[in-house]
Amino acid sequence: MRAGLEVHQQLDVGKLFCSCPSELSEEVRGVFVRRLRPARGEETRVDAATEFQAARGLAYRYEVSPASCLVEMDEEPPHPLNPAALDVALTLALLLDARPVDEIEVMRKIVVDGSNTSGFQRTALVAVDGRLEVGGRSVSILSICLEEDAARKVKESATEVTYRLDRLGIPLVEIATGPEIGSGAQAREVAEELGALLRSTRRTRRGIGSIREDLNVSAEGGQRIEIKGVQELRKIQEYVEREVARQETLLAVRDELRRRSARAPASEVADVSERIRAPTTGPLSAPARRGGPVLALRLPGFAGLLAAPGRSEERLGRELADQARAAGLKGLLHSDELPGYGLDEATVASLRESLGLGRDDAFVLVADPQRSRAEEALRRVAARAAAALEGIPGETRDPLPDGRTRYSRPLPGRDRMYPETDIAPIAVTAEHLARLGEALPERPGALRERLARETRLAPEVVRQLVAGDHIAALEELVGKGHTPALVARLLIQDLPAVPREEGAAEFEPGVRVLG
Amino acid sequence: MSERADSDPWEELRALPMGERIELTDARGKRWIGTVVPRHEMSGERILPLKLASGYNVGVRVERGSRFRRLRAADAPAMRGPAPVAPTGSTVRDGPSVSLLTTGGTIASRIDYETGGVRPVRDESEILSFYPELRQGGRVRIVPVLDRLSEDIVPADWLRLAERVAAEFRDGARGVVIAHGTDTLSFTAAALGFLLADLPGPVVVVGAQRSPDRPSSDGPSNLAAAVRVARDGGFGEVVVVMHAGSSDERFAIHRASDVRKMHSSRRDAFESRNATPLGALDARGLHWDRAPRAAATGPARVDGPLDDRGGLLWSYPGLSPERAAAFAAGLRGVILAGTGLGHVGAAHLPWIREAIGRGSVVAMTTQCLAGYVDPFVYATGRELQRAGVLYLGDLMPETAYAKLLWALGHATDPRAVEALMLSDVAGEFRWRHPAEARP
Numbered sequence: 001m002r003a004g005l006e007v008h009q010q011l012d013v014g015k016l017f018c019s020c021p022s023e024l025s026e027e028v029r030g031v032f033v034r035r036l037r038p039a040r041g042e043e044t045r046v047d048a049a050t051e052f053q054a055a056r057g058l059a060y061r062y063e064v065s066p067a068s069c070l071v072e073m074d075e076e077p078p079h080p081l082n083p084a085a086l087d088v089a090l091t092l093a094l095l096l097d098a099r100p101v102d103e104i105e106v107m108r109k110i111v112v113d114g115s116n117t118s119g120f121q122r123t124a125l126v127a128v129d130g131r132l133e134v135g136g137r138s139v140s141i142l143s144i145c146l147e148e149d150a151a152r153k154v155k156e157s158a159t160e161v162t163y164r165l166d167r168l169g170i171p172l173v174e175i176a177t178g179p180e181i182g183s184g185a186q187a188r189e190v191a192e193e194l195g196a197l198l199r200s201t202r203r204t205r206r207g208i209g210s211i212r213e214d215l216n217v218s219a220e221g222g223q224r225i226e227i228k229g230v231q232e233l234r235k236i237q238e239y240v241e242r243e244v245a246r247q248e249t250l251l252a253v254r255d256e257l258r259r260r261s262a263r264a265p266a267s268e269v270a271d272v273s274e275r276i277r278a279p280t281t282g283p284l285s286a287p288a289r290r291g292g293p294v295l296a297l298r299l300p301g302f303a304g305l306l307a308a309p310g311r312s313e314e315r316l317g318r319e320l321a322d323q324a325r326a327a328g329l330k331g332l333l334h335s336d337e338l339p340g341y342g343l344d345e346a347t348v349a350s351l352r353e354s355l356g357l358g359r360d361d362a363f364v365l366v367a368d369p370q371r372s373r374a375e376e377a378l379r380r381v382a383a384r385a386a387a388a389l390e391g392i393p394g395e396t397r398d399p400l401p402d403g404r405t406r407y408s409r410p411l412p413g414r415d416r417m418y419p420e421t422d423i424a425p426i427a428v429t430a431e432h433l434a435r436l437g438e439a440l441p442e443r444p445g446a447l448r449e450r451l452a453r454e455t456r457l458a459p460e461v462v463r464q465l466v467a468g469d470h471i472a473a474l475e476e477l478v479g480k481g482h483t484p485a486l487v488a489r490l491l492i493q494d495l496p497a498v499p500r501e502e503g504a505a506e507f508e509p510g511v512r513v514l515g
Numbered sequence: 001m002s003e004r005a006d007s008d009p010w011e012e013l014r015a016l017p018m019g020e021r022i023e024l025t026d027a028r029g030k031r032w033i034g035t036v037v038p039r040h041e042m043s044g045e046r047i048l049p050l051k052l053a054s055g056y057n058v059g060v061r062v063e064r065g066s067r068f069r070r071l072r073a074a075d076a077p078a079m080r081g082p083a084p085v086a087p088t089g090s091t092v093r094d095g096p097s098v099s100l101l102t103t104g105g106t107i108a109s110r111i112d113y114e115t116g117g118v119r120p121v122r123d124e125s126e127i128l129s130f131y132p133e134l135r136q137g138g139r140v141r142i143v144p145v146l147d148r149l150s151e152d153i154v155p156a157d158w159l160r161l162a163e164r165v166a167a168e169f170r171d172g173a174r175g176v177v178i179a180h181g182t183d184t185l186s187f188t189a190a191a192l193g194f195l196l197a198d199l200p201g202p203v204v205v206v207g208a209q210r211s212p213d214r215p216s217s218d219g220p221s222n223l224a225a226a227v228r229v230a231r232d233g234g235f236g237e238v239v240v241v242m243h244a245g246s247s248d249e250r251f252a253i254h255r256a257s258d259v260r261k262m263h264s265s266r267r268d269a270f271e272s273r274n275a276t277p278l279g280a281l282d283a284r285g286l287h288w289d290r291a292p293r294a295a296a297t298g299p300a301r302v303d304g305p306l307d308d309r310g311g312l313l314w315s316y317p318g319l320s321p322e323r324a325a326a327f328a329a330g331l332r333g334v335i336l337a338g339t340g341l342g343h344v345g346a347a348h349l350p351w352i353r354e355a356i357g358r359g360s361v362v363a364m365t366t367q368c369l370a371g372y373v374d375p376f377v378y379a380t381g382r383e384l385q386r387a388g389v390l391y392l393g394d395l396m397p398e399t400a401y402a403k404l405l406w407a408l409g410h411a412t413d414p415r416a417v418e419a420l421m422l423s424d425v426a427g428e429f430r431w432r433h434p435a436e437a438r439p
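Residue numbers (our numbering), protein chains in the order written: chain A, 1 to 515; chain U, 1 to 439.
One or more hints might be untrue.
[Unchecked claim] Covered, in the sense of this in silico footprint (three residues per stretch, anywhere, with C-beta under 8 Å from a C-beta of chain A), are these stretches of chain U:
| # | segment |
| --- | --- |
| 1 | 42-53 |
| 2 | 59-66 |
| 3 | 246-254 |
[Unchecked claim] With beta-carbon atoms standing in for the labels, derived distance ranges:
| # | chain 1 | residue 1 | chain 2 | residue 2 | range |
| --- | --- | --- | --- | --- | --- |
| 4 | A | Ser372 | U | Asp198 | 41 to 51 Å |
| 5 | U | Lys30 | A | Ser19 | 32 to 42 Å |
| 6 | A | Gly178 | U | Asp8 | 26 to 36 Å |
| 7 | A | Leu70 | U | Asp152 | 22 to 32 Å |
| 8 | U | Glu41 | A | Ala458 | 52 to 62 Å |
| 9 | A | Leu433 | U | Glu20 | 23 to 33 Å |
| 10 | A | Gly445 | U | Asp8 | 36 to 46 Å |
| 11 | A | Gly358 | U | Glu23 | 49 to 59 Å |
| 12 | U | Ala156 | A | Leu70 | 32 to 42 Å |
| 13 | U | Ala27 | A | Gly178 | 21 to 31 Å |
| 14 | U | Arg69 | A | Ala383 | 40 to 50 Å |
| 15 | A | Ala383 | U | Ile33 | 29 to 39 Å |
| 16 | U | Arg284 | A | Ala158 | 17 to 27 Å |
| 17 | U | Lys30 | A | Arg450 | 31 to 41 Å |
[Said to hold, decoys possible] Listing some non-contacts, in silico: residues in chain A with all C-beta distances to chain U over 10 Å:
| # | residue |
| --- | --- |
| 18 | Arg258 |
| 19 | Pro300 |
| 20 | Leu490 |
In case anyone wonders, no lab produced these hints; they're calculated from the structure. Glycine included, each C-beta is placed from N, C-alpha and C at the ideal position.
Given these sequences and hints, build the entire structure.
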């Protein structure tokens with residue numbers, strides 16, 4: 001397997017293109033509603049991911065925050081790029097032995113899911129070709145970018161998504177590694193080391209969501225899959241390993257489909273509303289009760305490959321259900337999970353008969369009060385089933401709290417970037433780099449060595465303290481006369497065990513209380 | 001190709017066509033592979049912008065010792081223009097027809113990658129590629145009239161537009177939409193209000209505050225609203241339709257002589273002054289707060305000409321009477337945007353008396369942009385009025401200026417010009433100011 005990481009770290013230096021503070025707020029000072037549509041970039045194609053989002057035709061509701069102004073509302077042109085944020089990005093470039101570009105050009109990366117009021121995210125490539133030493137191995141750093149964070153999604157319905165503007169425009173440093181990571185454990189180590197390096201600048205934001213990882217994973221013979229927005233570093237290993245397992249399963253499904261000489265399913269849809277009693281439970285029960293038609297799609301040759309006993313979640317059925325959800329449905333039922341959901345054996349048999357299906361053939365059912373939406377869902381399902389014959393479609397997936405992932409959208413291509421003409425290009429001068437080079441922060445390796453020397457703690461304990469962002473607390477408490485071993489145990493073992501609502505998340509500010 | 005270590009390939013590189021794929025090794029030995037893209041106007045010396053495979057543009061400094069070679073241009077992207085649109089003719093069949101006159105401006109502009117600014121789109125297929133929705137919902141005839149950002153529009157263009165509008169009505173249009181840059185949109189709208197008589201249908205001036213190459217552009221929704229008002233409004237006057245708020249949900253319908261751009265960048269920059277908007281369009285349909293002028297039976301008539309020997313002068317502390325006098329010299333009329341209730345300093349009285357004595361018209365509005373001017377409250381006002389300054393009630397300075405050029409075109413005698421200035425031509429005077437009107 002091969003994996004690469006993209007680390008996104010929020011900076012605590014004010015927003016990237018306006019003078020708002022880089023803070024979140026629960027206060028809402030007003031709302032407005034917008035729609036977005038795909039726009040063409042300097043190149044003429046419209047990106048697949050862009051079309052996908054635009055096709056949903058959603059309204060976007062935005063909550064105005066004390067930490068937002070007209071720039072976040074897309075009612076005012078961006079201000080010049082925040083120089084403090086640029087200093088952090090260039091400092092990281094120096095720490096990673098990367099090559100800063102001679103002139104930075106801010107780009108517009110088209111994103112029409114509403115998370116940016118403008119319909120694009122402003123982003124700039126700051127440096128390339130760096131490297132990072134982790135555990136005696138060198139990992140290449142492909143790029144260091146500076147970009148604006150997106151608005152925070154607070155609510156979602158079938159027709160409307162609500163975002164809050166406080167997070168929009170907070171500077172993010174994005175560091176991308178090469179695809180050289182060979183295991184889930186190594187991915188976690190690299191993420192930890194990059195996190196420590198970012199924090200060494202002392203200009204990073206803290207707390208949940210302030211650092212997010214995108215994982216690019218491909219199994220042997222598989223496909224690059226992007227798992228976007230992992231917030232818990234300790235889960236990285238699990239996401240990587242489960243993604244590899246998912247790809248291996250889907251490759252096995254492909255091989256079996258080929259062995260059966262299965263063909264891409266016909267897109268023909270059958271209305272079976274009259275044939276069956278509405279499912280009483282599961283994703284179809286509510287829409288069918290509300291009188292929506294139940295539609296079926298035949299999947300010849302797919303029987304037994306949608307779910308397998310015991311490991312049902314990792315087979316093709318879940319991929320198909322994700323497509324139904326992407327079309328706005330709650331999900332689907334497939335023949336490998338039937339009888340069930342209030343559909344008995346006789347019903348399933350008569351359904352099979354009416355659809356003209358044999359033993360090796362499968363089918364899926366969807367229901368929606370809007371027939372067109374149900375049909376769209378089945379079009380997607382058919383396309384996904386056809387892709388299963390080829391292998392694994394490249395896609396972006398959302399991480400779920402249980403360590404699994406879920407289809408989110410097609411992989412974005414390069415078509416979605418064009419120049420941000422409202423911002424002049426920024427020259428990176430030798431003088432500027434020299435000035436930053438004279439004030440480089442202590443690298444994590446040097447920090448660990450110094451702490452080990454000063455505290456006499458074991459290297460592994462020191463590693464955990466640095467990885468866990470406990471250095472400020474450690475230094476403050478040790479400075480007050482507490483023994484390093486006691487403080488380390490408190491920070492690494494005891495506090496993480498305290499349930500979050502009782503103060504773990506609040507701990508770092510709470511150092512003052514303890515001292 | 002420049003391969004020698006001490007060579008300087010700058011001139012050769014800057015002459016490369018856009019879209020050329022190259023490998024550029026800079027003086028420090030770093031190899032960049034990318035596509036040549038247009039240089040930003042603000043780029044530094046000897047910076048070559050390249051689009052990398054990742055989609056990012058970066059600027060690479062080219063020095064003596066840099067080398068490059070051309071790569072196969074197989075997948076070089078097309079850099080110019082939106083995708084060509086299949087020629088479909090300018091109209092959609094069926095339903096009543098609305099004419100869309102284009103003049104340039106943000107609503108009909110796209111990014112110019114040479115300069116980094118926006119430039120007007122020039123032909124119908126480009127308009128349709130930005131506004132594919134114009135192909136739906138009824139016939140829209142697209143008529144390019146001008147090709148300018150609105151800061152470049154001059155009074156002669158107002159007359160040209162008025163003539164085009166009248167011609168469209170004569171050709172059977174049910175309504176006319178004019179897509180216009182927002183900077184001087186309210187001048188054009190006000191002027192058309194005076195220039196067009198006996199309108200048999202709506203004339204809707206519309207713009208955009210965000211260019212149509214942005215997914216968030218207000219252009220599509222403003223234009224759709226304008227077309228809807230032009231098609232279904234059934235009234236006979238010139239209005240401006242733009243966002244009523246920050247949301248893409250409600251569009252205000254302003255009387256042309258009431259409206260002003262009150263913000264440099266917001267979508268809801270256009271406001272009616274001293275009055276509420278005439279009405280609004282939202283998901284529930286058209287609503288009227290005040291009755292628009294009824295449609296005439298036509299035919300639409302251009303009530304020209306204009307005489308552009310009029311001027312608009314903003315008064316400010318420190319404006320010397322000599323400067324003001326030089327400004328007024330050679331003009332047949334001056335609109336003063338005075339302070340408060342309509343004042344300029346007493347030091348200006350001599351040149352004002354001189355100008356009026358010469359046969360010019362000097363008329364007063366307020367730079368407060370809301371409220372009436374009133375010569376009777378303060379001594380200065382009384383002095384100015386005695387000197388012959390015409391007080392224009394609640395006309396906004398821009399509206400008064402447009403009206404002045406119209407009035408100068410219609411009369412030679414200054415008293416007659418003054419009488420025209422005080423007559424209600426297009427519903428431009430408001431005789432009561434409701435408390436709910438902004439500010």
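Against the structure, the hints:
no.	hint	in the structure
1	42-53	holds (count 7)
2	59-66	holds (count 3)
3	246-254	holds (count 4)
4	A:Ser372 <-> U:Asp198: 41 to 51 Å	holds (47 Å)
5	U:Lys30 <-> A:Ser19: 32 to 42 Å	holds (35 Å)
6	A:Gly178 <-> U:Asp8: 26 to 36 Å	holds (33 Å)
7	A:Leu70 <-> U:Asp152: 22 to 32 Å	holds (27 Å)
8	U:Glu41 <-> A:Ala458: 52 to 62 Å	holds (59 Å)
9	A:Leu433 <-> U:Glu20: 23 to 33 Å	holds (30 Å)
10	A:Gly445 <-> U:Asp8: 36 to 46 Å	holds (42 Å)
11	A:Gly358 <-> U:Glu23: 49 to 59 Å	holds (57 Å)
12	U:Ala156 <-> A:Leu70: 32 to 42 Å	holds (36 Å)
13	U:Ala27 <-> A:Gly178: 21 to 31 Å	holds (25 Å)
14	U:Arg69 <-> A:Ala383: 40 to 50 Å	holds (42 Å)
15	A:Ala383 <-> U:Ile33: 29 to 39 Å	holds (34 Å)
16	U:Arg284 <-> A:Ala158: 17 to 27 Å	holds (22 Å)
17	U:Lys30 <-> A:Arg450: 31 to 41 Å	holds (33 Å)
18	Arg258	holds (31 Å)
19	Pro300	holds (37 Å)
20	Leu490	holds (44 Å)
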